[in-house]
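Student: Assemble the whole structure, with the sequences as input and the hints as a guide.
Residue numbers for the sequence shown follow the UniProt record's numbering, beginning at 1 and rising by one.
Where hints are given, some of them may not hold.
[Claimed, not checked] DSS-like mimics (lysine-lysine), calculated; alpha carbons at most 30 Å apart, straight line:
1) K60 x K33
2) K7 x K60
3) K60 x K9
4) K60 x K10
[To be verified] Quick list of the computed label-pair ranges, beta carbon to beta carbon:
5) R58 x A24: 15 to 25 Å
6) A77 x M1: 19 to 29 Å
7) L89 x L8: 40 to 50 Å
8) W13 x W84: 21 to 31 Å
9) G64 x M11: 42 to 52 Å
10) L89 x I47: 20 to 30 Å
11) Y52 x S26: 27 to 37 Å
Note that these hints are calculated values from the structure, not bench results.
For glycine and all other residues, C-beta sits at the position ideal for the given N, C-alpha and C.
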Amino acid sequence: MRERKDKLKKMFWTIIGSFFGIGAISFLAFIYKIPLLLPSLGATAVILFSAYESPFARPKSVLGGHIISATVGVFIAHLAGSNWWSIALGVTLAIGAINYGFFKKVFGRERNL
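Tutor: So, in structure tokens, the structure goes:
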């Protein structure tokens, strides 16, 4: 019975946090007319609100991943402009930088998939 109450409590706070977190991001994306803000932060919200005990939900993982991805994305956009292949290249390079560089530097080990 106690486990069920704990699960319901976690589910409640997950729903509340998700609603207000995504709501705030959606509001900002709507006000500033930046619809592409949602996919990245939506994926982060899934990790933060439903897998909050995961190592990927730690602040250094979330912030580090966003900083690395944003840096790579701005660099590629500056060099190649904004078209379909530069977006694919930027995402691919960001994934590589996060998986193979960030985890070794921050955690001192490779990421096990």
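Student: Run every hint past the structure and note whether it holds.
Tutor: Hint check:
1. K60 x K33: Since the Cα atoms of K60 and K33 sit roughly 28 Å apart, the hinted pair holds (cutoff 30 Å).
2. K7 x K60: OK: K7 and K60 at ~26 Å, within 30 Å.
3. K60 x K9: holds, 26 Å
4. K60 x K10: Satisfied, since the Cα-Cα distance of roughly 23 Å is no more than 30 Å.
5. R58 x A24: 15 to 25 Å: holds, 21 Å
6. A77 x M1: 19 to 29 Å: violated, 54 Å
7. L89 x L8: 40 to 50 Å: holds, 45 Å
8. W13 x W84: 21 to 31 Å: violated, 39 Å
9. G64 x M11: 42 to 52 Å: violated, 28 Å
10. L89 x I47: 20 to 30 Å: holds, 24 Å
11. Y52 x S26: 27 to 37 Å: Because 20 Å falls outside the window, the suggested range is violated.
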